[in-house]
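Please build the complex by placing chain B on the supplied structure of chain A, with the hints as guidance.
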Amino acid sequence: MQESNHPTNGPAVPADNELLRLVFESATDFAIFTIDPNGITTSWNPGAERLLGYKTDEIIGKSADVIFPAEEGGFEAAAEERRSALAQGRAEDERWQMRKDGTRLWASGLLMPLAERDAGFVKMLRDRTSQHRAAEQLAQSEELFRVLATNIPQLVFRSKSDGERTWASPQWTIFSGLSFADSIGFGWLDAIHPDDREETQAAWLEARAKGEYYVEHRVRRSADREFRWHQTRAVPMKVSSDADAVDWVGTMTDIHELRVLQDRQKVLLAELQHRRRNLLGVVQSLARQTIRSSPSLDDFADDFESRLGALSRAQGLLAQSDNRPIELGDLVRAELEAHASADVEKVTTEGPAAPLPAMSAQSMALALHELATNAVKYGALGQPSGRLTVRWEVKNDQSRRQATVVWSESGVAMPEGGPARKGYGSELIERALPYQLGAKTKLRFEPDGVHCEIAVPLASEEKRDD
Amino acid sequence: MTESQSLLGRRLLVVEDEYMIAADLARALEDRGAEVIGPAGSVEDALNLVAAEQRIDGAVLDINLRGERSYPVADALRTRGVRFVFTTGYDAWAIPDAYAAVPRVEKPVNIKALSGLFSIDQSDEKPRTL
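Chains A and B, in that order, are what the protein sequence lines are.
Counting from 1, one number per residue, gives the positions in the first sequence under the numbering used here.
Counting from 1, one number per residue, gives the positions in the second sequence under the numbering used here.
So that you can see chain A by itself, here it is in the shape it has in the complex:
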């Protein structure tokens, strides 16, 4: 055995080789050490001290296998490495090794038998921990991107700054029915609604200046060929110094339901506004008509207030029904109850289900109100012997449904010479209902009371009146 290899005699480097000694001493980025055939440390350079944490005098004469952590196989792995080096002439690997303080380092290692077989081995280790971690992180972030890009509901793409696509996620292919090959370049435009393509392209021109791409456009879903509204956004990846070479990453989000709801809300808002103003118009004309037929301000106040009451009851029923058809019976009863709640014995109402279109409800309510008011003042509801019957029936006439309401008073002593004048109520029944609802009406002042017949179209089945 050569003296230079003796473990107790300092670094086991050939003493006569100054160059090797210098390398051994100065290679602080490399751990270089020698071990005997059983793994006992025979030399330990400053690089080994730095990388592995053991001082030379702490480890010389002791097993160097301690740098193999248990999860890497421990002593067994170290022995295996030596057998492999003997058999192959060298054993190279990258693996986790353990410092004295128990922390791990990722090391690229080489174990070679010394020329003289039983002299043992030399091992060289390079710390590759930061590179390893970086590679791990890269792999992780690539995996994260892959998982995100291929599992989120959005359609993901990568493209050049002019919109030329270089990649599309599987969801895009599933949604659009365009294969990867058909989608890259500008092939993806095929799935964009023709009316939206220009805007889609133009947005790419703006995107570079703004640093963000944004457009809302319709994208064809291959499953049912339906164009669905999407919100498409993209941002440049900030990794290249060359602005032209920058890749953009984007997502396309289905916002169809949202758009449809927004549009619907707009329509509803417009309708609400329209109805509100129209109602004011009706109130305005109601006031004018009442002024014309009122001998005094007191008369006006009474009549106007009670007519507003009828209007308000009709509005209440409309609000409850959410502007779906209203039952004729509900309308009739609401009006009669408002006038004759105390005297139910006088009144008979009878008729089948009869859905009145929402837009007819208001005029019908006002007409019934005029009949009821008249009955309270001069007719069946104001005289002890008076009786009132309100009956209606429903007829189907060539796909048109129609209800005929018959208002019939009896036991009334009519004022001398019939009604004082043809007022608002008569105009409403004889002219407004035919004009507005396409109704046919007859109004007669008979000696025993008022008889009125109103034939009014009903709502067709299942039709929403809005």
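No wet-lab data here; the hints were simulated from the structure.
No false leads were mixed into what you were given.
Sample of chain A residues at the chain B side, in silico, Cβ under 7 angstroms:
| id | residue |
| --- | --- |
| 1 | ALA270 |
| 2 | GLN273 |
| 3 | HIS274 |
| 4 | ARG277 |
| 5 | ASN278 |
| 6 | LEU280 |
| 7 | GLY281 |
| 8 | GLN284 |
| 9 | SER285 |
| 10 | ARG288 |
| 11 | ALA432 |
| 12 | TYR435 |
| 13 | GLN436 |
Not close to chain B: a few residues of chain A, all C-beta gaps over 10 angstroms, as computed:
| id | residue |
| --- | --- |
| 14 | LEU20 |
| 15 | THR28 |
| 16 | ASP65 |
| 17 | ASP118 |
| 18 | THR150 |
| 19 | SER222 |
| 20 | GLU257 |
| 21 | SER294 |
| 22 | ARG391 |
| 23 | SER426 |
Cβ coordinates follow ideal geometry from the N, Cα and C atoms, glycine included.
Below, chain B without anything else, positioned relative to chain A:
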């Protein structure tokens, strides 16, 4: 010229589905000397009147006629070169671009302002804003 006669001899078409409003409007226009054509309560009736009448000097057009839009009537009036105004409960944004320039009188209608739009000689009146 008195204001009550400011529409003297004007033949004005009234299109409005709400009878009471239509009757009211017609009466007010007649009080100012106009001759009222209609009122018509549906798109169909209004189109028939536009086609049949020899002379129409102006028209008052409700946008929503029993759930139907009156734009076909507006188009027919335009073709004839008849001035018209919309009476409506809709806000400006709910009206299509093609009709955005049509003067609008919001409901409830101010008859004075409305008749000002159709008066024979508007030069001796200040421009009216609606």
